[in-house]
Every structure is written in structure tokens, then in C-alpha cells.
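With the hints as extra help, turn the sequences into a complete structure.
4 protein chains.
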Amino acid sequence: MSLSKPTITLLISCPDRPGIVATISNFIFEHSGNIVESAQHSTNQQECRFFMRISFKEEGFTLTPTELEAAFTPIAERFYMQWSVAYSRIPKRAGIFVTKLDHCLIDLLWRWKRGELDMDIPFIISNHTLLEPLAQMYDVPFYHFPVAKATRTADEERILEFISGKADFLILARYMQILEPFFVTAYPHAIINIHHSFLPAFVGANPYQRAFERGVKLIGATAHYVTDNLDEGPIIAQDVIRCDHRDSTEDLVRKGSDVERRVLTDAVRFHTENRVLVYENKTLIFD
Amino acid sequence: MSLSKPTITLLISCPDRPGIVATISNFIFEHSGNIVESAQHSTNQQECRFFMRISFKEEGFTLTPTELEAAFTPIAERFYMQWSVAYSRIPKRAGIFVTKLDHCLIDLLWRWKRGELDMDIPFIISNHTLLEPLAQMYDVPFYHFPVAKATRTADEERILEFISGKADFLILARYMQILEPFFVTAYPHAIINIHHSFLPAFVGANPYQRAFERGVKLIGATAHYVTDNLDEGPIIAQDVIRCDHRDSTEDLVRKGSDVERRVLTDAVRFHTENRVLVYENKTLIFD
Amino acid sequence: MSLSKPTITLLISCPDRPGIVATISNFIFEHSGNIVESAQHSTNQQECRFFMRISFKEEGFTLTPTELEAAFTPIAERFYMQWSVAYSRIPKRAGIFVTKLDHCLIDLLWRWKRGELDMDIPFIISNHTLLEPLAQMYDVPFYHFPVAKATRTADEERILEFISGKADFLILARYMQILEPFFVTAYPHAIINIHHSFLPAFVGANPYQRAFERGVKLIGATAHYVTDNLDEGPIIAQDVIRCDHRDSTEDLVRKGSDVERRVLTDAVRFHTENRVLVYENKTLIFD
Amino acid sequence: MSLSKPTITLLISCPDRPGIVATISNFIFEHSGNIVESAQHSTNQQECRFFMRISFKEEGFTLTPTELEAAFTPIAERFYMQWSVAYSRIPKRAGIFVTKLDHCLIDLLWRWKRGELDMDIPFIISNHTLLEPLAQMYDVPFYHFPVAKATRTADEERILEFISGKADFLILARYMQILEPFFVTAYPHAIINIHHSFLPAFVGANPYQRAFERGVKLIGATAHYVTDNLDEGPIIAQDVIRCDHRDSTEDLVRKGSDVERRVLTDAVRFHTENRVLVYENKTLIFD
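Protein chains in written order, with numbering that gives the first Met the number 0: chain A, 0 to 286; chain B, 0 to 286; chain C, 0 to 286; chain D, 0 to 286.
In case anyone wonders, no lab produced these hints; they're calculated from the structure.
Heads up, a few of these hints could be off.
Identical chains share a label here; the pair holds if one copy fits it or two copies do between them.
Result set (DSS-like, lysine-lysine): computed pairs, CA atoms no more than 25 Å apart in a straight line [as the list claims (entries may be wrong)]:
1) 4 / 254
2) 254 / 91
3) 254 / 281
4) 112 / 99
5) 99 / 254
6) 99 / 56
7) 112 / 91
8) 112 / 281
9) 165 / 56
10) 112 / 4
Keep in mind it's a predicted model, so treat the numbers as computed, not measured.
Below you can see the structure in the form of C-alpha cells.
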């Protein structure tokens, strides 16, 4: 899946009709692009909609980014496309938010350092200082932004201002604060949260405790884009692990933390590799 | 797990205190029982409660069922036990309820015939006649009991009367009718239902459609004992299967039906092998 | 995944070079085909090789099968393609071979009857008569062909002659006979076998017994195309299930049979839906 | 699973016969022990053998370790038991061996630090210095012991002497050296190795490369006790992860490293919690 050479990736969504694939692949071919990955999907519902992710080698491709934009725009308009382009040699910048729990952060940093996650990390922000040493170990700038209930709006405004222009997307790696709508609006489909349950089960607080009380036989974790509706944004990745009557709530927390970090890492990888398209509060993952 | 020779199984639940295991194992030893399986659990909560499942060979054991009952009762009273005893040579009698869907029924019948499920099947009851040929193929008596919304109470009373004394527990193998409280009360913790979602997600109707709309990345199934609260009885078994944006609701139904039959079969096996203890609307599975 | 309307599917393999996707999608577009599914893969090894599966609606496509063949051949020659075309309205014909074990056969027949496997079943052949009633239940012609060690070659020649022209591919649903090379040669990459281990572990006889003796913690099953090297053909599908010290060899057989039927069914589905390409004794599965 | 209060755990193996459980539970009860966990297993083979793990609270138990040894020995002799006793308040000492790969080590250290693995780590030994900073970060003594092919015996003798009396068991966390028989003999069933394949598939070198070449659809990892036969010691834990034709050998390495660390951690946890009994080159895991 990791591609050694630089690639250009197009993500496209438009009403379905004949000729889209031919047009796009011709466009790439005419400018000497060599396709390395391609995936598409059409909804089979009333209004058919077409989705595509197509990657081609940057080497040999004859258009500069500006030229590509200019040359592709007429095609996009003809097919009423929503589209975006990404260059693999320009890693996305991921701002990470944490509170006190370290398991998701440590997994992200470790995978990032060994090259599994192709991204930059311009900052780690926390409402506590506990995880600062971990950030330092990986040479990532750490900033402490206290958040209090009474001053939440002002606190978040300060954070929003501080990070302005610094990050392409945000990762809430068990950040135990709810973001205000104005904050969420600033990063549409660009804030990834990990919720420690198999959504839509156990929306909200204390999912492990509630899973224990309900006596479920599997617990899970869900990575999703944050929207204004708590735990109801588009789901990117989910997984579960088996549990039984011998597991206390503390055991569920321990087992679940393994699932959380795995699921969050998957979601971040999909996002950094431009494998996610959002449509009608759901995701298409071209993995 | 299947034990070739007849066994006697005790299921015990009582307040925890020292000496329970010693007392029970002495009791078995004194009457020449040879223990083949044993499992126990203690809750670590405020009031500690002790649970045990212990199986010993019937061959060589010197007490008849009546004598066992008489000899064990004083022990049970001393420790304030809830207890039950089961003889493996007397299979439980499982009454099956179906509507039109065949996947769970076919799996139960096939496993039953090949000896995986140690039970008798005195009857299959359905509010439709579609699955009668399947019952005939396996030589299981099939009875058609129409149920209508307007006459539900009377309809269920007729069924309840008909099955009286014929079954030890009931399996709702995708029986698409809600049972009235008076019916449920007649079989406490003895009606196993399969719900086609990962409870507590998607309680109620059309879980696959709702899973599709929510865009989950896993779908599941849950086998539970029926109580008066819809889909809220003690969970016996659960499992999930992966899905993605390419799956239509019909695909989810197809994938899910595999999980449903696997989960229902597991739950039925646990029940027939006396591996389930219910406590505070949760199950302990001694598998 | 099931597509309600008839589709045409191209499977293509050729040396990688720019322009392949554009050429193919243009070809389809020029003849009014509407692409519904498309997947591709390029090896990143020294000699790059390109693989593609592309499906488009038959409705509206302006070429007859003969015309398609004539029109596409020059393209195929230009790119040195190996290619095949399949029409979804013409189901593949699957000949099934069994011996005495019923679990794989019952699963195939049940899924086939409910429409999960889009194929015809012209015959079931067995070296025993035990499963004839099962074939009759599903109205599939059953033929008894005894096979003996001493007469194996002649026995297989008779079978080969009998099935000539009747089947597009063969399914060995726990057929406990080894096929002679001349037989295998007649169906290249068109005989699907289920082996009851996680290959390459436990090649050959008695894999469950050997898994028990080795003390593995998971057992598996493998569906693969039959070649002249026992259990070494291209793997199509694999899965595993957890086991532990409490499982006897008989328990492994029981647990494993669930995995076998699931894996075999997956492999058959991939094959019938033209999702499999074979290259260098490995498969590419475009699912 | 983690038990908050100190416990004493007995591991027992002996020929099966009536009265063992009663005798042991009486012994514990008579000295005021309160059983918190108990599991047993009997082989159903020709010579029945009985295995048991039983844990009781140290608090209230009236025997000192010396007294327990003296009092239990006659019982053990009567039943021809192999037995051991472990006190949870005395963590086992785990010596870790590594080479250059960090994923298993980082997972062990992280889980150890957060209290998931109840053990002490007296040293990390490596034939390279690359991972010394990681050891320092967790304040674990790190020792560099170069090993060369020509001097292997002398090298290993020096290590063996150095660690003498310092560790109760050893963890080979991707230690890329083969241990000499004299070394293995010094730690019988006390050296845990992680092999990066699903044993017995791909015994020996380069399992990921060979998995890639064979075209398997799942890759795995196996934790086992080291014996003199390479990769043939008793298996403690195994797991797998799905892969497909898009995965290069490098992808398999990446995916597999997640399975390796999970499987190794499980095996270490079982060992530290005295949940493993070895019999006839297989393990019984009382989890």
C-alpha cells in the first residue's frame, strides 16, 4: 500500500453517467500520467452517484499543480464534480489533541516515527501537562491549553486562533473535551475522534461502564469525523474485541484501549492517504 | 467439549464465603463422583457473589437423582444457594418458533442431526406454513399457529396451552412476533431470541436498514433471553462481521444471516450444555 | 455486491504501461457501456504487470458478444493482454464432487438455492451414495462413480468423459480422492478444493489430528485451485477459528467444518463472479 | 482478571483419579484460604491426566510459604503431582533480549509501565546498541552483548553467566540469534520467543517473504517456549491478520508486527500470571 514513488491522487464525487472513467483516465494518459491505483463506487439508489479515487505517478506527469487545476476544472464542471487533488510528497499536517490518556498518542507517535503514517505533526495540544514528556521524546511541540467549563468558548477560540494555518486536520486522541460548533465548523470532515464504543451503541459518557452493566460479549471502538451531533459523525473505522463475565470495567478499559488505538490509527492512515470520501454522513473508504 | 459418558452438572449461585468449593467437591467425592469439568466465578463488587458449574461422571456416582436432591438440599440451604442439577443423558427439549426465514432453522436442524446440539425438538411452531417442508425433511412435527395483531393474546394463549409440558426451553429462530408478558413469564430465562444487530445498537425493527443508514463498518447479531423489555434481556452470545460502503442493505442481510445462525447456535449449545447462569440481567457463560 | 442488472465483466492481465485504463474505458464508453465496478492492481516488482477487472452494464452496450470479441482483440494484442469476458446473465456451471461429508455440500446448496451463488449445478458426483438424498432434496442430478485405488485412472477417465462439456468449473466439496494429472489438466484453474488446514501448515492427510498434536491455538481452512502439486495450488480464500487445550481432535473437526464451508463458499462466490485472476501460482481477488 | 489483593496460585498436574479437587480445596479451606479462581482439565486419552490452576487470597491464609510447602508435599506425593506455587506479591523477573526491531519491546515496556504486565524487568540484553535509548526511557538497565557466529558459544556463556540468578524467565522480543542447547537447557519452559509466522507454517527464516511468495490470505505470529528444536516448542499464543494481493512483503512486515506484539504480550501475561502448564510439548492456558 505504501507507494515508494510520489503520486498524485484525485478524489471525485459526481452524479453517475457514462463516460466519467474514460474522461478521467484519458486526461491522465494525455498528460503522461501512469495510474497506480484506482477504485470507484456507484450508489444503486434512486439518484445514482459516482465516486472515484485514482492515483498516478507524479514522475512523468506533464502538468504542474497549477496547470492540473486549470486543465481539470472544465472536466469537473462538465460532470458537476466535487473533487480534490493531493500530492503524496506533501504530507498532511496533523494536529493532535490529548488529555491524560496516553495509549492512542503513543501508538500514533510510534507509527509515525517508523514511517507508517505519512504526515507531519506540527503540534500536540492538551488541557493537561501529563503527556508533555511523551511529546518531547518524539520532538513534537507540545502546548498546554487549559479548558474550563465556564470559559470553554473563550478557551477554544484561543486554541482555534493558535492553530490557524498550522494543520490540515485534527486528531482527538482521547481528548476529553467537547468541541463547540464554531470550532467544528472550522474543520469540516477534518477532525477525527476516537469513541470508546461500537457506535451507535453507548453514545456519550462512560461507554465501558455501560457495556459492563449491559453484559455485552464484545466491546468496540469507533473512529469518526466530528460533527455538531455528539458521536454521530461519519464513521471511518470500527473494530471489536471479545469480553466475558470475568471482565471488570477496568478489564474492559484495558482491552478496549487496544482496540481504540488500532481503530484510530487505521482512520488516520485512511485520511492521510486520501482514501476517505464523505457522503450523506457516511464514509466510503477506498482501501 | 462433548463428553462421551453421561455426566451430572450442578449450577450454583450463592453469596461468596470460604468453604463452598471444599464442601461441594467433598460432597461429590464422598458419593464417588469423578469431576470432569469445573469453573467458578466471584464478583468483586460490594456484595461478593459466587457462581459455579461443576460436572462429574454419573457412572460410579452412588446417589440417585432423588437421593442427590435430598442430600444436597441441606448444603444448599446452609450456603443460601440457588442451584439446579442436570443429567446429560436427559437432553433438554427445545421448542422452535419460526416465521418465514429459514437460515437459522436450517442451521439448528443440521447441527442437531449431526449431533452437535444435544437436545430433542418436540415441535416447530410457525405463524406461516412456508418452512413446513424443512421440518418434514428432518422429521420434526410442525404446527401452524396463525397470529394476528387483533387476536394476539388469544393466539398466544392457544400456543402456550398447546406446548404446555412439551418443552424445557424455546428458541425464537427469527420468529417475527412479539411475545406477550404472560407468555414470557411462563418460560423465565428459557426463551432464546436472535436479534439481528449488535445490541444495544439498533434495538427494535429494521436493524440492517438502520445499520446501512448509519454507515457502520461492522454488523452483528445478538442471542439473548427474552424478557418483558424488548431486546433488553440477558445477552448470551454476540458476534460481528465486517462490511463497507459497497454493501447494500440486501448485502447486510445476507452477511448478517451468517452471523445470526452462528450466534444463535452458540447460545443454544451453551443453554443445552447448562453453561449459562443469569444474574442481574447478565449471563455468565462457563464455556 | 450482487448487481441487479446484467453486466459484462472483463478480466485482463498484461505488462504494465501507460494508457491501458484509458484505452479500456474509452472502448467501453464508445460502445455505450456504463461502468459499474472497476478494480486494478500493478505489481511493483521488476517487471511490472497490470491486472484489471472491469464490469459494465450490458443494457445499452452496443456490441454483441461476437462483436465485442472482434472489436477488443486488436486492443488485447496491442497490449499483449491475457483476457476473458463473462456475461452475468449466463451463470457458470459448477460440477460438485463429494464423498461422505455433507457440511460443505449442504452450505453450497442452501446458498445456491437462496440466490447467494449465481451458478448452475449440472451434477453432483460422488464415490459414495450417502449424499444422494441431499442432492435430491435440491433437485440436483446425482451420479455415483466408485473410485478404487487399483482402477483410479480408468475410474477418473470415465468421470472425465461423463462430465465433458457439462461444467465450467468443478468444486471438490470434501472429495476425498486425489485427482490424476490428466484430470487436473482438463480444468486449469477451474477446480476448487477445500483443504481442512491453514495452508501451508499441515499439507496432506489428517490435518486436524496433526493440529491437535502440535497444540496450535487456531485451526483453519484453505480453498485453492487444484494443481498437480498436492495442496500447493493458488490460494483463493482462508480463514481460521480459535481453539485451545480443551478441544479434542473431534472438537477441531466440528469447529473446522464451520470454517471449511465458509471458506469454500467464499472461494466459489469469487470464482462465479469472475473476481479471481491467477498469476505465478497466486490469486488476485477483486472483491 | 487483575486481582487487587495478593493471591497464592497452585499449578498442579497429576494422573487423574477421584478426590483430587476435594483434597486440594479442603487443604485450602482448612488453612482459611478463600478461593478466587479455579480451573481444571482432564485429558480424555488413554492415560487420563489431571491439570489444575487454583488461586486463593493470601490474606487470611494461615500458612507461611515454608509451612505451605511442608504441608502440601505429602498431598502432592500421594497423588504423584508435579506442582508449583506462586505468590502474586512477588512478581516474576523477566529478562528481555532484543536485536534491532523495536515494536515488541516498546509494547512490552509500555504495558509493563502502565501495570498490565505484573513483572520486574531486571535487564534488557541486545547484540546491538540501537534500542538502548528506549531502555533508558523506561529506566531499565541495558547491556550490550555482541554475538558473533564464530564465537557464539563463548558469547552465550558470558551472557548466561551474567544473567545468572537475575531472571525467572526470558523474553526473546525479536532477538535474531539462535540460542545454543546449553543456554536453552538452563531455562526450561522459561524462554518465550515470538516467531513471525503462524506455526507450523513457515518455520525458520524469512517467513514474511515466504508468505508473500505462497500467496496466503492471512499472516500470523506465534509465541512459544524455546526448545532445542527450532520453532517447535510448545505454542502459547497465536493470532493472524488478513492480507491480500495488494500487500507487498513490506506490507506484510508492517501488518505482522502488530500481530507479533499482541501475541507476545499475551504469552508474557499468561506466563507472569501462572496461567500456563506444559504437557507433551503443548500448553494448557488457564485464562
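Which numbered conditions among the earlier hints are violated in the structure presented, ordered from lowest to highest? Structure breaks hints 6, 8 and 9.
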